[in-house]
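Student: Here is what each chain is made of, one letter per residue.
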Amino acid sequence: MDPLTAVLASIIAAATPLLLAAAGELVVERSGVLNLGVEGMMLTGAIAAFATATTSGNPHLGILAAALAGALLALLFGLLTLTLLANQVASGLALTIFGVGLSSLLGAGFVGVPGERLPRLDIPGLSAWPLVGPVLFRHDILVYLGLLLPPGLALFLRRTRAGRILRACGENADAAHALGHPVIRVRYLALLFGGATSGLAGAFLSLSYTPLWIEEMTAGRGWIALALVVFASWSPWRLLLGAWLFGGVTILELHAQGLGLVAVPAQVLSMLPYLATIAVLLVIARSGRLRAPACLGRPFHPPV
Amino acid sequence: MRIGLEPRIERSAAVALLAPVVAVLLTLLAGAILFALLGHAPGAALYAFFISPIDSRYGLGELGVKAAPLVLIALGLAFGFRAGVWNIGAEGQFTLGAICGGGIALFLPDVGAPWLFPLMLLAGVLGGMLWAAIPALLKARFEVNEILTSLMLSYVALLLLSTLVHGPWKDPEGFGFPQSRLFPEAATAPLVLAGTRLHLGALVALLAVPVAWVVERRALGAFGARVAGLAPAAARYAGFRRPRVIWAAMLISGGLAGLAGVFEVAGPIGQLVPRISPGYGFTAIIVAFLGRLHPAGVLLAGLVVALSYIGAENAQIEAGLPQAVGGVFQGMLLFFLLGCEVFARYRLRVYPARRRA
Amino acid sequence: MPPRLELRGIVKRFPGVLANDGIDLAVAPGEIHALLGENGAGKSTLVKIVYGVLQPDAGEILIDGRPVAMRSPHDARRLGIAMVFQHFTLFEAMTVLENVALALEDEIPFPELERRLLEVGARYGLELAPRREVHGLSVGERQRLEVVRCLLQEPRLLIMDEPTSVLTPQEAEALFRTLARIAAAGTSILYISHRLQEVVELCDRATILRGGRVVATVEPRRERVETLARLMVGEEVREPVRAPQRLAGRAPVLEVEGLSLPADHPFGVALREISFTLHRGEILGIAGVAGNGQRELVEALSGERLAPRPESIRIHARPIGHLDVAGRRRLGLCALPEERLGHAAVGELTLAENALLSAWPRLALTRLGWIRPRAVAAFAGEIVRRFDVRTPGLEVAAASLSGGNLQKFVVGREILQHPEVLVVAQPTWGIDAAAAAAVHRDLVALAEAGTAVLLVSQDLDELFMLADRIAVLHAGRLFPPMRTRDVDLGRIGLMMAGIDREAESV
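Chains as they are written, first to last, in our numbering: chain S, 1 to 304; chain B, 1 to 357; chain Z, 1 to 506.
Everything labelled a hint here was simulated from the structure, so no lab data went into it.
We put the beta carbon where it would ideally sit given N, CA and C, even for glycine.
It cannot be assumed that every hint is accurate.
As the list claims (entries may be wrong) - So the derived list for chain B, only partly shown, Cβ under 10 Å to chain S, looks like this: (1) L34; (2) P135; (3) E143; (4) L151; (5) V156; (6) L158; (7) F289; (8) G326; (9) M332; (10) L338.
Work out the full structure, taking the sequences as your base and the hints as a guide.
Tutor: See below:
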């Protein structure tokens, strides 16, 4: 592969964990819930995948374990915020702290253990195309999932009744309830979906991107995913663009270190993704396109 | 038969006070179960975690050393949270405070006693405020969410510290280790309890509690901030303008975090190193909530959470438990607290079965 | 033939209040039946029970003579019940068609749904553009959407909760004609209102609720409005009588000239060249349908939003457009917004704290930035005494007060600051008749003592009763004020819809 193709392919890969996590959180936020615990769910998913894959020898079992772990944590969050009506910001932070701690605890025995890598799945036929082939069609299954989620969600939200009901719950939960839609149930389902995809994002990191377990290996990607949802103005297609942008920044940072831009210390280059996130948030705020779901973050108590 | 939550007309003060206590008890219970699952005798592990770390003078001092930064930071965070301003980047403001204060110690040692130390403290407070001013500006002027911006800046601050101690600020006689020179004597926080590492910062944190209490109750600005957190439209109507509330909340919490940072490097650590905090800025969030956002509660909560830190270290040594248990404890504590304090606002009600036609 | 809808012994309790206390009601097929009662009588609660949004604690619901279990709006819709809510159940960011789809039981493909929507719209004169997003619709159009949405379900019982509170008089007339047509086609209509005139005009029978109980079931056309009012409220309510005032020669206190302000958020209204003069001791009424800039005008005057040109707002000829809320209060301009909880007062704060909330710039309740608790308590206590606020104490949360008592408190709070100008919006929205009369008396007394009062209200009866002059606000523009005695309902109605054929001013 020539360098350009290699770089493009690596951008697609780097964007995957962001895409997976942000797609799930987008669904959650459009239903009206703000789940800040993405980082915690991602890390727990990462260790669940790693531990399951190395003990069983089967990385696909690891993927399942990661989705399950993420969903379970999201369920816990749902219990606190949807049933017990606790403050969503505080609960999300609690979830992050708990998830980070839990993952470190569970991962204590796995540091330094060599990982099981996810097999690469070349799409027959498509992967032979020039340029587009190696860039898009020679990845593992989680990358493909990440690429399919935005169009799939766009279809779901715009064209299906279930998607419409989900959007209604995020726009005006009281009205949705008055019309008879099960707001709390919809939000629970959205949370489970978001938890699963965050877990899968973590699984990608520990089973494909760098098949190892390192404490706090997500390095803030969960938070960046949250920013991505804002950047995308809660629309799935823009999420793709944002994730690729950030994937690009990450790869740029890696290669800049390698290409010997020695004037700049490695740590300063590492700041790039975080500074880029702030810049992107500022840009989107100033553009006036910020239209969050109207009920985002507000607890809903169905009158009886 | 159905069980549901019914809103109370008046918040129950009794439940609000009991909730943290119940949360701590539930955490202990969950902790015991966790220890058992990890293959340790729960009783011995709990003892190693909560009792034996503080049954010596040195241990109590260590409790204070860990509690001081938590309490200082949490006092500021509590003020902000009450105003609806979510400063999640206290870790970064803590770090900037340490950098600025430490910079004074490293590059202006000739100022000498007694002015050097106060100057460091001032620099630390200003450094923390400066770092908090960025998310404040972004939110007040551009409506950018402060949770994400302050958090991103935390990562940047840590990388900045790393850059400095690996590069320009590295001790030339440090055998290549990433650390700065040791701070001169005049730049070290004085000890307040012989035989321990307990330093002036703990005293300052202790004194900050009653000050915060009085301000919280009687200052018009604090009242305005509280209104802003409860009902933003009412705050505007009453004349407490939103940008002012945002700036005040961020600068106060940033300044206190920066102060905690400079105390930490001038006290227990004594120099600048890449890792100066076991996550104080983040854990202080738990302390703020556990303390129900009230200064006295923050003090008690700070002691409890500090105990979980040194307990984790101690349990690792005495009982062979992994250190990450501390983080799990803290997360569980916050979970249980959030779950318990719901009952201050809602009552559990049993709805009788109805005849179905 | 059994009644289309029958309620037997419905009971519903909320924390602290018995909303429905053994209600019996019957609606015949094709009948327009009014549910009358003042604010807080339990009407909204009752119909939410009929529609399945709330569950009764006791009692039965019968449809066409058969008892049914109404567990959710789905059940209600399947039984042929449709409801138009008082506070619209619409989704702003979604299109008309999507809003309709969300209210229907079956999933109908969009092309078919669009066809049906246009057809029903044409049949009843309720036209709508299917692909427009709801946030761009006017209030009247939104209500049309709510009604059409119901009609698409071909309901056998249509419930309407206070539908005319957001309509101009002409739009209300058009609605009545539509409802008559629907009833003639066999649909029963349960019509909730506290407006006696329209009930007498429109309805076949009326059930009157008071304090959660049924006090009478009557045929409105056979009764006098005064009798119905007495049944609704249960006592003589003394509304004040405002003698016609001579305004010539009075000193102007508040002058607004060319006040323009852009909308502050995507769904807001821009103010355009607002101009009027308010005189000492005058009550100037601002009429208009909701959503035409009332909130924006009040916020521009109170100081919550600053005016681009300082001279566009003047008190005693002094420009104040650049002053913030505290600055304007110090000069004697006090304001009271329409939202009681969350804006004019904070539900979680105590009455004492709520007293401090708006009064701190003007009264000596603080010193050098520190609160003086005893002064605050004394002030709050005086409000409670002078304005007959029923409360167990000063330290209770404001949210525990009834709507009427809280409104008396916040109005009293502003009056006791002895303002030069008081801007007040919707002062009697959603409160019981006795409290409303008390507020009216207080405002008249305030004006008689010399304060200039700007009364922004959607209630034309209130404006006609209290205001010396009335100006209509439409789409952010203010029609020139007219003397109340020179103006009639028809002309005001047209202005509220934006039409003014004979431009005339006083």
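Student: Identify whether the interface hint at L338 (chain B) stands, where standing means a beta carbon of chain S within less than 10 Å of its own.
Tutor: Holds. Min distance 4 Å.
Student: Against chain S, is L158 (chain B) within 10 Å by beta-carbon distance?
Tutor: This interface hint holds because 9 Å falls under the 10 Å limit.
Student: With chain S as the partner, please determine if M332 (chain B) meets the hint condition of a C-beta pair closer than 10 Å.
Tutor: holds, 6 Å
Student: If you take the shortest Cβ to Cβ gap from F289 (chain B) to chain S, is it below 10 Å?
Tutor: holds, 6 Å
Student: Min Cβ distance, L151 (chain B) to chain S: is it shorter than 10 Å?
Tutor: It holds, given that the least Cβ distance between L151 (chain B) and chain S is near 5 Å, below 10 Å.
Student: Minimum Cβ distance from E143 (chain B) to chain S below 10 Å?
Tutor: holds, 5 Å
Student: Checking hints one by one. Is V156 (chain B) an interface residue toward chain S, by the C-beta closer than 10 Å rule?
Tutor: holds, 5 Å
Student: With chain S as the partner, please determine if P135 (chain B) meets the hint condition of a C-beta pair closer than 10 Å.
Tutor: Since chain S brings a Cβ to about 9 Å from P135 (chain B), closer than 10 Å, the hint holds.
Student: Next item in the hint list is G326 (chain B). Is there a CB on chain S closer than 10 Å to its CB?
Tutor: Constraint on G326 (chain B) satisfied, holds at 7 Å.
Student: When the nearest CB of chain S is found for L34 (chain B), is that gap smaller than 10 Å?
Tutor: holds, 9 Å
Of the numbered hints listed earlier, not one is contradicted by the structure.
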